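Asker: Listed below are the residues making up each chain.
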Amino acid sequence: MKLNNLSWIMLALAVLVLAGCGGTQTRPDSGAQVEERGGAEAGGAGGAQTAGIRGGGAWQGSPLDNPDSPLYVKVIYFDFDRSDIRPEFIDKLRAHADYLNSNPQTRMVIEGHCDERGSREYNIGLGERRANTVRTFLEAEGVSPRQLETVSYGEERPANPGHDEAAWAQNRRAELVYQ
Amino acid sequence: MKKLLLFALLLFHTQVQAITIEITQGAEGALPIAVVPFGWKGPAGQVPAQHVGEIVAADLARSGRFKTLPVGSMLSKPTAADQVDFRDWRALRMENLVVGEVKPNGPGGYLVRFQLFDVYRGEQITGYNIPTTARDLRATAHHVADIIYETLTGQPGAFATRIAYVTDSQEQGKEVIALQVADADGYNPQTIVSSAEPLMSPAWSPDGSKLAYVSFEKGRPAIWLQEVFTGRREKLTSFKGINGAPAFSPDGRYLALTLSKDGNPDIFVMDLARRSLRPLTRHWAIDTEPAWSPDGRFIVFTSDRGGSPQIYRVPVSGGEPTRLTFEGGYNARASYAPNGHELTLVTRVGGNYRIGVLDLNDNSLRVLSDGRLDESPSFAPNGSMIIYATRAGSRGVLAAVSTDGRVKQRLAVRAGDVREPVWSPYYQRERNR
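In order, the protein sequence lines correspond to chains U and W.
In case it helps, the numbering used here puts the first sequence at residues 1200 to 1378.
In case it helps, the numbering used here puts the second sequence at residues 106 to 538.
No lab work stands behind these hints, which were simulated from the structure alone.
There may be inaccurate statements among the hints.
[Said to hold, decoys possible] Listed next, the in silico SDA-like pairs over lysine to any residue satisfying Cα-Cα at most 20 Å (straight line):
#1 W:513 to W:127
#2 W:345 to U:1345
#3 W:366 to U:1344
#4 U:1273 to U:1343
#5 W:279 to U:1378
#6 W:345 to U:1308
#7 W:340 to W:279
#8 W:279 to U:1360
#9 W:323 to U:1308
#10 W:345 to W:366
#11 W:366 to U:1345
#12 W:366 to U:1338
#13 W:323 to U:1378
All values reported here derive from a predicted model rather than from experimental measurement.
With the hints as extra help, turn the sequences into a complete structure.
Answerer: Okay, here's the thing in structure tokens:
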């Protein structure tokens, strides 16, 4: 058969000459190569001496590092889709409030975290709500707002990388990070 | 002649592993089509590295709308009209046939010619000559597939588009989070930014030249705007609290975003030229995940003002938000279909988080995915498919489902997690015939 209606249409796809593209082969902003964030569990207030050996009674180091102190607890956990503080953490948070009140130069970042369920940006909101609940509690106990800062990581920084209820329970948390 | 941004995503030569796409469920009633390997009309030693016919056939097959004939089953392999004997293709029950050739066209250039035939009528349906370069040959092949798809289905193809997504992998014992951009078929993945801290919520500008995203690289979230082609970037917001969920207006002049600088998360609209901010919602609840209607008049967002996360719609000019979702205890992360009549969103079904489509005309919600933890749905610019994040075992992978739920694909990198896929818009291109 004859293709008499064969009409080649020139699709003039321009050969792309991107202005300035010759100079863009390297990543121009290396700002994202970032320093390590301090580990949340490190927990040491500035200059804390943790070398003391537990023996004969008195803890020699910072009370923040004393396993027998309520201050040792720096992660509190939340129920699913909730941001209210569970009763078992009230005493711990009061101890942190007392510590911050007696060390007014000490600052704390409260990190809010979520489990992986649901959408990521909503979880950022939920993580902030958890951090704010802790902040509000500490402020009600007399802590100066200047000592406190909050940041929400949503579900982006799980403490437990698993995908079951046990992992999720460990990930719905607020971390108290002394600066 | 306009410059075509389409074929220039050179980026930084940070070549990373390709995404592989596997069709996990194909549509019944897919159109049988034969795409004959394209001929090469140049010196034998200089055959192009990209096989145009193979790329076209793979695109068409991946859409689920076509069933392609294996090359081994072909009775003849014509590369031009005068070599076609339609009896060969009728015998194989092919409805359509594609033949073509690639030939040298000046230094570093090629000319791609193809013809699409109706086998039963024995007629050409369409045909094009497309000048291109070695670098752009793959993109040209996707463009050929777009033309065939549109000619036979009446709907524009979305093969010559891209996806952006976030990867999370271990490199030398350290966690590396990267924002990557790849062709829609998973090839040519390139890292545009990487960090040891979270990267989130990539959003394309409507011309596909920029991505806005959230980075925690300074220990606090900030919204960045980065030119995809040059890598140049600037910080848009780093207020106290949340800086999240950026979304470009359809005309590219505004960015909707979530800020909690005033105490709790609310939606704001930034005028990108003036960098001015206007609050759109003001409520004690979490208001986040804004997305624009295609006509630019409305913004939908997630809010738990009613007690659980649900989707609300508010005029961009302001006003009282209207609740759109009523089915189920959890609906979030909505975005509009290109037709403006549907939203895709995350909905909780039983204890599972799945991808749904809400019909805005009759408020019906249909669930398209079957995972436990599906999230981040994003429409292809032609509305045919929705790409989303899901889990395969312990790994985060991407999947895509056709809007009618009949075709399903899985997209995976070989190692690490992939999440938060966003399909690019169409790139500016000449479609004059």
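Asker: Looking back at the numbered hints, which does the structure fail to meet, lowest number first?
Answerer: The structure conflicts with hints 5 and 7, although it agrees with all the remaining ones.
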